[in-house]
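Student: Residue strings, one per chain:
2 protein chains.
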Amino acid sequence: MKLRVRDVDLSAGGNLVVIISRADASLLDAFAGDRVLVKNSAARKETTAVIDIDVENKRIKKGEIGIFEELLRLLEVKDKDLVDVTYTGHPKSLQYIKDKLDGKRLSESQIREIVNDIVKNKFSDKELTYFVSGCYTKELSLKEAAYLTKAIVDSGNKLFFKAKFVLDKHCVGGIPNNRTTMIVTPIIASLGYIMPKTSSRSITSPAGTADTMEVLAPVDLSHNKISDVIKKSNACIVWGGSMNLAAADDYLIRVRHPLSLDPEGMLLASILAKKKAVGATHVMIDIPYGYQSKFSSFKEAKKIGRKFVALGKLLKMKVRVVYTDGSQPVGRGIGPTLEATDVLSVLKGGGPKDLREKSIFLATEMLKMIGVKHAEDKVLDSLDTGKAYKKFLQIVELQGGKRKITLQYAKYSKEIKSKKTGHVIIINNKGISKIARIAGAPEDKAAGLYLRAKKGEIVKKGQVLFTVYSESKEKLESALKAVSDSETFVIGNLPKSYFNRFNLFKRN
Amino acid sequence: MKLRVRDVDLSAGGNLVVIISRADASLLDAFAGDRVLVKNSAARKETTAVIDIDVENKRIKKGEIGIFEELLRLLEVKDKDLVDVTYTGHPKSLQYIKDKLDGKRLSESQIREIVNDIVKNKFSDKELTYFVSGCYTKELSLKEAAYLTKAIVDSGNKLFFKAKFVLDKHCVGGIPNNRTTMIVTPIIASLGYIMPKTSSRSITSPAGTADTMEVLAPVDLSHNKISDVIKKSNACIVWGGSMNLAAADDYLIRVRHPLSLDPEGMLLASILAKKKAVGATHVMIDIPYGYQSKFSSFKEAKKIGRKFVALGKLLKMKVRVVYTDGSQPVGRGIGPTLEATDVLSVLKGGGPKDLREKSIFLATEMLKMIGVKHAEDKVLDSLDTGKAYKKFLQIVELQGGKRKITLQYAKYSKEIKSKKTGHVIIINNKGISKIARIAGAPEDKAAGLYLRAKKGEIVKKGQVLFTVYSESKEKLESALKAVSDSETFVIGNLPKSYFNRFNLFKRN
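Sequences listed follow chains A and Z, in order.
For the first sequence, position 211 matches number 211 in the numbering used here, and the numbering has no gaps at all.
For the second sequence, position 93 matches number 93 in the numbering used here, and the numbering has no gaps at all.
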């Protein structure tokens, strides 16, 4: 059926939805939630979309099709153009989703078909939610997780290297700052090893590694450009999304969000797919645990750690896991520019002690994985002689940033002071993140906050605990309101031994 | 935060969604999918809504809130009005949904809270989908199903009667036509018993009982009007939706649709809640089974049948189950007016044999449930002396229809003829329904088709199998295309004994 495009002048938030009149829905024998194939023959563009029915015929009349921003662009159509619409029925793989809910094991080809249909937008959010539910309640076997990983890898672009060792790392779980990637990558690269690092942008945090790197250089590079940067410098620090790596994964993340539902097999597949796609041979997984972390005990963290190693084997990647302290932010800045400040300080030989120590630990363990002797000495040498910093500046420049770095700080700021004297017992990770976000991070690069005290330190009444930064008075005020609404710092008196009982880093 | 309403001039298909700018989302620290409370203080109206973010700021600017048709009406606001928007966080009951996915048993108060939040629109479709998934994969115990039923009953309006017996019936599963309700109800009422029948409109079929009854009388009556009709005639045949019975159920049905996922406990709760809400004491459940039915074997049908009886006990209702032939349409007309034709014929003492026999069987079994002696004789007497027909006309008139019934038939029609001679072995229920829908049913009351042959009958080459009716040439053509695309009748030669091996009706 030919229908005339109505630009509904809205974006649909990622869903490919079209709106048709009840009369046309009836002719197609289609219901809300069913799928149609929409074709723009002139530009040879087509896509599957889920239909919504304008029951009240308020805006979409018979003969018209309401199209949202995303789809207009995809189909290269504009208001009043004609498109061809046909009913497509359910994709066959919808039955496999039902099978999974019924507890059946899926075959490699069934999982591959589901993932292909995900990328082709053939499922509605409800149907994808059913897939996530099935993987959660009936669990994925290690084999199914491997099939899923491979299918996700094949759903997007890949990188290839001839080198014997291609290194990568990943941290599971949102500890504020924790920007070790931007320090470890230039250390590894300065020692002659390849590390094609792709990172994510923030979803619910004040900054992802990609947001922080973006303060210094573009991170949204083409596939060719990335290859070129790596060829010249051994490494890159870019946004994964720009490469269209592991494309299917983004769809699944969107429906996992509402219940923070992370089916273990999907979590493993999602992470390792991105490593496999860049051609990694050796992968370091950092699992923070403890109070305020995703994994509350070492035991829990180890349970998933072992599965990373096992799945790595099936995927022919060597995986090593380290378990680290997840009880407070690592570093002191929260928000892209403030986190970049910490990273640059560490690369210049100073910076927050915990961020420096954790980065040295991770880089050392990664080098040990590939059999490098005197690994820690080499890491310290790279950092302390400025080799790592020089390498970082090279990467920044190759990605299109300026070699001479100058950071822009926020227009407005406010110091938050302690109401009593005592030890800092708890820094509330969630509260800290919320304040930084309301202050404007990550959209406003310079917004966020800077911690002037960390866990275990003694603060005096009236001493500054942290400073909030914002680009607008309104946002600063909203952030300050959030400060007074939540207990971000817990101050009290505890023996010093209390703070020593945690082992910061453990190996598997 | 105060925001200015933008009427987005679309309906959102039942979801209560609002659109805000990225800037305002950031100030609220809200993400797409989060909930806000939207208040119109002037009219004292408020509701929870799920937010979508206009990432591209294409239409919704900072300070504005995009509102769809449904919500404009609910809040009594119009374009440019000011509303108050606050972030509300997750409803507490979202954790119970996660608990269910984790296999926990839910308490009565937890289930009640989930259902209350459903009716208050506090969940997104994804979250509701997770609830359905949990009930499907981890199953509801009989107790949980009873809690769910009671909570659904209390989420809407109810009817009360002082009578000792209040009868009701329900058929599980979509057999075309099968309009026994419109025959059984006046029979029961003519014998002096109360039967407050509420029925559904079609969701995916060519007609529901409410659509068919609507050909003869309004079915969308107020609570008061319904009570009055029942008081005067012992019965009614109305649309359940108009009474806002079991309000929570409609939300759940919407998310169960995509995978045709009917968690057993939810299916039971959904059906029995509607019976409990009208005050039924004795309920007859009709479960068609066999090829083309929801339940493919008698064993499967019996399994669910027993649960209806057990759940009925927990709800203090007497439930009896009958198992019937679901292998072909019951009656001959498909589509509201054509089905009404069959109903009127049976009430006048003629009509399709299968529809008459099934109605007599059901009415007899219902009377036996409440201890009526010589039940079948009484049913036959009511039908054959015209008492049931008279009662039906009284109900039609009380509901606002005309006592003198004249049916309007469709403008266009086309006879479909057999291409060979033989027995009718299969009538494809789905194919038949699809054709009737494309012809215009149920929106066009007179559209649909009329079967001129039924299973087991011998047809000659060139003999008419069915007639398609439509109100427009375009719809008729589309329907005829669907006829040629699918095999609606399977004609072949089989011994007559083949057709006798099915027992039409079974009691539990």
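No wet-lab data here; the hints were simulated from the structure.
Check before you lean on any hint, since a few could be wrong.
Just so you know, same-sequence chains aren't split out, so a pair can sit in one copy or run between any two.
Stated by the list, open to error - Cut-off 20 angstroms, straight-line C-alpha distance, at most; resulting in silico cross-link-like pairs (PhoX-like, lysine-lysine):
id	residue 1	residue 2
1	LYS473	LYS62
2	LYS138	LYS98
3	LYS58	LYS80
4	LYS143	LYS318
5	LYS294	LYS98
6	LYS104	LYS138
7	LYS307	LYS143
8	LYS430	LYS92
9	LYS481	LYS2
10	LYS2	LYS473
Student: With reference to the structure, classify each hint as holding or not holding.
Tutor: Structure-based check of each hint:
With identical chains, the CA atoms of LYS473 and LYS62 are at most 20 angstroms apart between copies only, with a shortest distance of 16 angstroms across copies and 49 angstroms within one. Taking the shortest Cα distances, LYS138 and LYS98 sit within 20 angstroms of each other both inside one copy (11 angstroms) and across copies (14 angstroms). For the homomeric pair LYS58 and LYS80, the shortest alpha-carbon distances inside one copy (18 angstroms) and between copies (19 angstroms) are both at most 20 angstroms. In the homo-oligomer, the alpha carbons of LYS143 and LYS318 lie at most 20 angstroms apart inside one protomer (17 angstroms), although the nearest pairing across protomers, at 49 angstroms, exceeds that limit.
Proximity of LYS294 and LYS98 under a CA criterion of 20 angstroms is satisfied inter-copy only: 16 angstroms between copies versus 29 angstroms inside one chain copy. Proximity of LYS104 and LYS138 under a CA criterion of 20 angstroms is satisfied in both settings, with 8 angstroms inside one chain copy and 14 angstroms between copies. When the C-alpha separation of LYS307 and LYS143 is checked against a cutoff of 20 angstroms, the pair qualifies only within one copy, where the shortest distance is 11 angstroms, while the shortest distance between copies is 37 angstroms. Proximity of LYS430 and LYS92 under a CA criterion of 20 angstroms is satisfied inter-copy only: 18 angstroms between copies versus 42 angstroms inside one chain copy.
In this assembly of identical chains, the alpha carbons of LYS481 and LYS2 lie at most 20 angstroms apart only when taken from different copies (17 angstroms versus 54 angstroms within one copy). When the C-alpha separation of LYS2 and LYS473 is checked against a cutoff of 20 angstroms, the pair qualifies only between copies, where the shortest distance is 17 angstroms, while the shortest distance within a copy is 52 angstroms.
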